[in-house]
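The chain contents come next:
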Amino acid sequence: MVENTIHATQAIVTLDVPIQGIVWGSIITVNMWAKSIGTGVVFLAAYLLYRHKKESMPNLRWIMPVIAFIALNVFLLFTLIDLHQPYRMIHIFTHPHWTSSITVGAWLASLFLGLVTVLLLIGVADAFPTLGGKNCKLSALARNNSAVYEKIMPFLVFLAIPVTTYTAIIMAQSSARELWQAPTEVMQMLWAAFMAGSAALILVSGSWSKEARKDLAFVLTIAVFFSFAMYMSEYFFSFKSSEAEATLAFVHAGGAYNVEFWTGMTLGFIIPFFLGLSTIKSDNITLLRLAAILALVGLFLVKDVWLKIPQMLPLS
Amino acid sequence: MKLGFLVDLSLCMGCKGCEIACKVENEVPLSSWRLRVKYIDLGVFPETKRSFTPLRCNHCESAPCERICPVSALHYLENGIVNIDSSRCIGCAGCMMACPYGAIYMDPETNTADKCTYCAHRIESGMMPACVVVCPVEANIFGDIEDDNSHISRYIMEHKGAVQVRKPEKHTSPTHFYVGGGNQTLNPLAHQRLEGFSLFNDITHLEHVGDKHHSILDRFLAPFAGHAKLNNDNFTAMQENVETHSKEGGH
Ligand code: SF4
Ligand code: SF4
Ligand code: SF4
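Top to bottom, those sequences are chains W and F.
All letters in the first sequence, in the order written, are residues 10 to 325 by our numbering.
All letters in the second sequence, in the order written, are residues 331 to 581 by our numbering.
A hint or two may mislead.
[What the hints assert, rightly or not] With a straight-line cut-off of 20 angstroms between C-alpha atoms, the simulated DMTMM-like cross-links for lysine to aspartate or glutamate are:
| # | chain 1 | residue 1 | chain 2 | residue 2 |
| --- | --- | --- | --- | --- |
| 1 | W | K219 | W | E64 |
| 2 | F | K353 | F | E468 |
| 3 | F | K346 | F | E468 |
| 4 | F | K379 | F | D338 |
| 5 | F | K500 | W | D135 |
| 6 | W | K249 | F | E499 |
| 7 | F | K497 | W | E254 |
| 8 | W | K146 | W | D135 |
| 9 | F | K332 | F | E439 |
[Said to hold, decoys possible] Partial pick of chain W residues on the chain F-facing surface, computed with a CB cut under 10 angstroms:
| # | residue |
| --- | --- |
| 10 | V26 |
| 11 | G30 |
| 12 | W33 |
| 13 | I36 |
| 14 | H93 |
| 15 | H100 |
| 16 | T103 |
[Claimed, not checked] Residues from chain F that keep clear of chain W, each with C-beta distances beyond 10 angstroms, as calculated:
| # | residue |
| --- | --- |
| 17 | G347 |
| 18 | E355 |
| 19 | L407 |
| 20 | E408 |
| 21 | N441 |
| 22 | H451 |
| 23 | S455 |
| 24 | S480 |
| 25 | I486 |
| 26 | G491 |
| 27 | A492 |
| 28 | L524 |
Simulated from the structure, these hints should not be mistaken for lab results.
From the three backbone atoms N, C-alpha and C, an ideal C-beta is built for every residue, glycine too.
The following block holds chain F by itself, in its conformation from the complex (with noise of 0.2 angstroms):
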């Protein structure tokens, strides 16, 4: 059994349901997402057109993530699933450099890395994901790609051609497709990411990994002090800070 996820981006409207569905499901804290649907404006006016890409975890099968971590806390399921075991992180952040999706964060609240796990624990209780459960037109297709006949494979074989991944000349072998993607959508060197064209103006670049709170010496005090003094203010806490974030990000 390899379990693999398809999105059909001609289905997906960007309701970002899949993306909230996740945060709820996950706990996942400010600052930090498991799965989030990029828009992407294209074209000149009146001729445009606006597309919507939820990006996750690939579930590569020749993980590089998988390949760096010093301890194993990054780990394969027999089911194909690339599980994270936070106990056994130690916050080297070796996989979010090795991850050419980006698809790994800091827990701010744990500090401890953390990434889309296809819920893992839902699978083992013989439930869907929790974004594929929420998505109203079903552009979200998850299941056996080893079984001929399990939905995602039906879909592929139907779209054989219109099938991608993203990067493949990174050779991970994702078990993450897409039909009705084109290279504007699912490479992020081709379109720009402009100030002020963007919703979340002025925002470019996460001032902090892990805990914005949380200073070199927190991290060694940490397990005297306990972790009441942390809060999770860090997406407030950013918003006063978009001139540093303008001036260092590089855009």
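So here's chain W without its partners, still in its complex pose (with noise of 0.2 angstroms):
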């Protein structure tokens, strides 16, 4: 790690305990990914349903739910493991601290969740009439409730930006580590949430119109390149704090995470950006399903240096 040390004084530690490392490693990263799926799917499901007929998207009310559903029980399971003590979880509901983000962001993600499970059962039973045979009280209830969906979609679209979001509030409160700054992490989660949500749909939209896909592809297009060029202006232009600049300033010297750093950049951001691009006017989709997945890895392996990266630093 790079230090500020002035040469005449050669201040060196002769004595000292080791620096305590990654405390949030990958478990909290694959946290962050599948969160950024199970938020992006809605965001993506509520613009694509304002552009286009239901009928250009004939999955898509029964699959949003589904890949919400799973992304979400993937993030708070990760979120569980990650806990030394997994089982007082149930602190966080019988003694919240308000003015954390963990508290808040634990709260709502499970709200959030129940919706997207309400949502699930709706667009399931639906899309599959003999799902659960006549006898199913569960199916006939979510059928007989069928427009409760697009009741409960508006509050999912709103109540998904903060849930997208608070990990980033979370970043921001871990005053320790000053290379996350709220303003930035809030946009890149947001970004990682358009990037994720529209690559995951890209997947699935085998069966839509030419103009639904085009509207992924350019979704797609777009956060990866506002991303690229947060990450890129922050990797570069991190000048204004001392812990920032020495922490980027490790990296950039080839120290471990460079390559992971490029090599998540090169997937996930600059080649889904040119293969997004030419699909937008080709419709290809092999080139774009490539696209979205590499996509998903990049943000991955980003994301995964992102958040240890600035735990090397020494803080005392």
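Two chains, two frames, a set of hints: combine them into the complex.
So this is what it looks like as structure tokens:
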């Protein structure tokens, strides 16, 4: 790690304890990555339903909540397994501390998952009329309340905004890590949700109309472009805090995580940008799917690096 | 009443008495520290000097660890101490990410966060913190910083301009002060941590957070399995892995 030493003083640590190292590791990366998918598909579904007829995306009504449900459960599972006392997770609900964005986020995410589950039940029950047989009360209840789906959807979209961005506030509250600043992290979380949401829906959009897929390609291209621009400006021009500068100088100098960062940038941002751009015109499903998979892989790698690097710095 | 600490670094001789007293008083497990004395060598031979800096929690008046704790396990006491209730802690490590001074550790025996409490249990019974009592040169000064007549307040008044806190730019308002320090000793970015220069050779990063022998699955099984299987040889095990540290350490 780079230090701001003055040559004349040659200050060198000769006896100390080891630095803590990575406290939040790849488990938290999976947590953020899965949450981006879970909230991103909701944003994208709302946008597509606003722009296109339902018939041009025949499976969207049920597959969106299915993807969101799976992704959010992965997110919650990884949140839980990262706790050193997992059974005490319940304390967040029994002893909430509202200044903590971990608390606020856990409550909002739980509510969000509850609403997504309702959409999932209705969406699947409507799409598969024979599911559960004639006597299944749950599917009957879901089918009888089919209209609830459209009523819940606007709330879900609004709720998806704080659910996707609260992790940025946790990072901002992590005042030991100067690299993470609230304004940039909030925007990065939103772009990540657009990236991951469009990528996930691209993978299931085989039967959709060209226009709907074109919209997905457009959102993916725009999201990777703006997210890339933000990462680059942070990566090269974080001069305003000596800690962020020292963190990045270490990665610039080829230290650990340099390769992972640039692999992530190339796979997840640069290549998908050009693939996305070309498919907006040509509607090449294979290339678009490739862009989507690469974007999901690259996003994971870059999030992983961004999470870990500020933790390499000695704090005292 | 607001309790505060002041360390006069010009008095400290690096005997580590406070470090040991803290370990014993608070039963701090191996591989964890509430208080440590850091040695920093300054200058170029033959003009060299060794400085000693005791580092503990600052009991910040605006504590980021308290703010981020989702269950109020970290909380303020009326006397200003930032205390921790380990039975409430869920082990999310948010506080470890928030404390700008790296003052919190995940106790490898309980798998909960812990840190210096200004010996709140001793204060309650009218005693001084263990590290204060043991210091042979009275470099650790503890008392009420809101009482103008307390030893610490008078010491602060006497040294006025020379009183420093760590990382004032973090707006944490520490109640822990230093006299006789400088940028080279108080700013962790102003000195190098080089392999081979430390008496703890090759150890730059701790490999684990919490119990090294406690996998994720064990955390779920712990209430049923009991703690019989837990051992406390983290430090020994760490020595065996020094190669990994130096590769992953980034120094
Ligand atoms: S020094 Fe760290 S642990 Fe102590 S009160 Fe301040 S933020 Fe919390
Ligand atoms: S690890 Fe424990 S004390 Fe620290 S923030 Fe989480 S719940 Fe609070
Ligand atoms: S006040 Fe108590 S807990 Fe804090 S460093 Fe001193 S002995 Fe340790």
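A quick look at each hint next to the structure:
no., hint, verdict
1, W:K219 <-> W:E64, "holds (12 angstroms)"
2, F:K353 <-> F:E468, "holds (19 angstroms)"
3, F:K346 <-> F:E468, "holds (13 angstroms)"
4, F:K379 <-> F:D338, "holds (17 angstroms)"
5, F:K500 <-> W:D135, "violated (54 angstroms)"
6, W:K249 <-> F:E499, "holds (12 angstroms)"
7, F:K497 <-> W:E254, "holds (16 angstroms)"
8, W:K146 <-> W:D135, "holds (14 angstroms)"
9, F:K332 <-> F:E439, "violated (31 angstroms)"
10, V26, "holds (5 angstroms)"
11, G30, "holds (4 angstroms)"
12, W33, "holds (6 angstroms)"
13, I36, "holds (8 angstroms)"
14, H93, "holds (3 angstroms)"
15, H100, "holds (4 angstroms)"
16, T103, "holds (8 angstroms)"
17, G347, "holds (15 angstroms)"
18, E355, "holds (18 angstroms)"
19, L407, "holds (16 angstroms)"
20, E408, "holds (18 angstroms)"
21, N441, "violated (4 angstroms)"
22, H451, "holds (22 angstroms)"
23, S455, "holds (27 angstroms)"
24, S480, "holds (26 angstroms)"
25, I486, "holds (22 angstroms)"
26, G491, "holds (21 angstroms)"
27, A492, "holds (19 angstroms)"
28, L524, "violated (6 angstroms)"
When the structure is compared with the earlier hints, violations turn up for hints 5, 9, 21, 28 and for no others.
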